[in-house]
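Got chain P; can you put chain U on it based on the hints?
Chains as they are written, first to last, in my numbering: chain P, 1 to 64; chain U, 1 to 245.
Among the hints, a few may not be true.
[Stated by the list, open to error] So, partial list: chain P residues that the calculated Cβ filter (under 8 Å) puts toward chain U: (1) Asp10; (2) Val22; (3) Ile41.
Think of the hints as simulated: they come from the structure by calculation, not from any bench.
Just so it is clear, the structure is predicted and the values come from calculations on it, not from any experiment.
Every residue, glycine too, gets a C-beta built ideally from N, C-alpha and C.
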Amino acid sequence: MNLIRYFATDRYAVYVWGSYSVTFVLLAGELFMLWKRKRKIAGRDNPGLDDRESQFETSLQESQ
Amino acid sequence: MSKHRINWYKYAAPANFYPLAGKMIPVFAIPAAILFVVGLYVGFFVAPTDAVQGESYRILFIHVPAAWMGMFLYVLMAVYAGIGWAFNARLASMMATAIATTGAIFTFISLVTGSLWGRPAWGVWWVWDARLTSTLILLFLYIGFISLQSSIDDWRRADRAGAVLALVGVVNVPIIYFSVQWWNSLHQGATITKSSFKMAPSMAAAMLILLGACWLYSIAVVLVRVRYIIREREQEAPWLAEATA
Numbered sequence: 001m002n003l004i005r006y007f008a009t010d011r012y013a014v015y016v017w018g019s020y021s022v023t024f025v026l027l028a029g030e031l032f033m034l035w036k037r038k039r040k041i042a043g044r045d046n047p048g049l050d051d052r053e054s055q056f057e058t059s060l061q062e063s064q
Numbered sequence: 001m002s003k004h005r006i007n008w009y010k011y012a013a014p015a016n017f018y019p020l021a022g023k024m025i026p027v028f029a030i031p032a033a034i035l036f037v038v039g040l041y042v043g044f045f046v047a048p049t050d051a052v053q054g055e056s057y058r059i060l061f062i063h064v065p066a067a068w069m070g071m072f073l074y075v076l077m078a079v080y081a082g083i084g085w086a087f088n089a090r091l092a093s094m095m096a097t098a099i100a101t102t103g104a105i106f107t108f109i110s111l112v113t114g115s116l117w118g119r120p121a122w123g124v125w126w127v128w129d130a131r132l133t134s135t136l137i138l139l140f141l142y143i144g145f146i147s148l149q150s151s152i153d154d155w156r157r158a159d160r161a162g163a164v165l166a167l168v169g170v171v172n173v174p175i176i177y178f179s180v181q182w183w184n185s186l187h188q189g190a191t192i193t194k195s196s197f198k199m200a201p202s203m204a205a206a207m208l209i210l211l212g213a214c215w216l217y218s219i220a221v222v223l224v225r226v227r228y229i230i231r232e233r234e235q236e237a238p239w240l241a242e243a244t245a
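Okay, chain P solo, but in the shape it has when bound:
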């Protein structure tokens, strides 16, 4: 199957791509939420971590 031709012409394309898009957006969203949770836990366990990160970013901006 030629994917580009199929994507452009097949009348079912919107349903097929819609299904796979929803699936991978939701799975990627789940991974993103897990990453956010990891950041939250890391921030709680190491309260200075955010401060150190912001200091690093500030010094990086100053050096530029």
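Structure of chain U alone, referenced to chain P:
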């Protein structure tokens, strides 16, 4: 037979399970990513166009695994919740909590992809058919479980309340599975049975590879989540400070 037997009960303790789970995550995550790529390749480039449904049938490669995962994960969640409740096993309750979100996502995916398949195949987005309605109830059960646990501050009470809901709701799973046999349904019957595969080998291969990918993905994600739950619930434990140092 090996002289060294693994003491599996040892891993019922969060302190022992936490490092093991960390080591197991890449073992499941990497093959999951590979199987997703292989499954999509077989599904889109190897499997032929269906004589009746045209290209729209390719939705089933993700719809069927998602629907199965929604049911499997609910049963698994109920088993863990029941073990946690009956034996006061902390890790089992944490596993049930970790499974719920992934199960809810797969159930939601099965409903959305089913609707997107139903529109060209049946001419409607949704019907109040036994299979669809019972799957929607499954999604509500997941949401109820997650909401109930989130609304109770005390972990132990939250686990017990969630276990009751999970165990009561498990009766819905055989209803979903057998609904197409018990009632007149617009939804088609079982695609793969013990006696036959009602599809071309390459079509079945794409579906089964993506099912494997969904399983491995679920295991990896649940292991990641249960490690975070352990860190949240056992933050005062001395072993955790050593493990995360």
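Interface hint for Val22(P), Cβ within 8 Å of any Cβ on chain U: Result: holds, 5 Å to nearest chain U Cβ.
Agreement of hint Ile41(P) with chain U interface, Cβ distance less than 8 Å: Since the shortest Cβ distance to chain U is 5 Å, the answer is holds.
Evaluation of the interface hint that places Asp10(P) against chain U, nearest CB under 8 Å: holds (5 Å)
The structure meets every hint from the earlier list without exception.
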